[in-house]
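For the sequence shown, our numbering begins at 1 and goes up steadily by one.
Please note that the accuracy of each hint is not assured.
Derived CB-CB ranges, DEER-like [as the list claims (entries may be wrong)]: (1) K31 / V66: 12 to 22 angstroms; (2) G59 / D27: 17 to 27 angstroms; (3) S8 / N41: 29 to 39 angstroms; (4) S5 / G52: 18 to 28 angstroms; (5) R56 / P18: 18 to 28 angstroms; (6) N7 / V60: 34 to 44 angstroms; (7) D6 / G59: 31 to 41 angstroms; (8) N7 / T43: 30 to 40 angstroms; (9) V60 / P21: 15 to 25 angstroms; (10) F58 / N7: 32 to 42 angstroms; (11) K31 / F58: 16 to 26 angstroms; (12) D63 / N7: 30 to 40 angstroms; (13) S8 / P39: 24 to 34 angstroms; (14) D63 / D25: 17 to 27 angstroms.
Hints in this document: simulated from the structure, not taken from any laboratory. C-beta: ideal position from N, C-alpha, C; glycine also.
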Amino acid sequence: ILRSSDNSIYSVQFGAKPDLPTQNDYDGDGKTDVSVYRPQNSTFYVINSSDGVTFRTFGVNGDYPVANYDTH
Numbered sequence: 001i002l003r004s005s006d007n008s009i010y011s012v013q014f015g016a017k018p019d020l021p022t023q024n025d026y027d028g029d030g031k032t033d034v035s036v037y038r039p040q041n042s043t044f045y046v047i048n049s050s051d052g053v054t055f056r057t058f059g060v061n062g063d064y065p066v067a068n069y070d071t072h
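Start from the sequences and build out the full structure, keeping to the hints where you can.
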């Protein structure tokens, strides 16, 4: 991640094989959060930029996340 605040690079190892990387502002603070989707249990695992790790089950076994598009 290239941080816009100071142009530093931030990296974190997160997820397990075969998780799929995702990106979105899951905590609503205007910053993209580090996240993965695990198709085996239909769960998003998120490192929120504001308050730690969360997870949410959404969808059915075998689903795949769709790319996040800015619609504004």
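Which of the numbered hints are not met once you compare them with the structure shown? none
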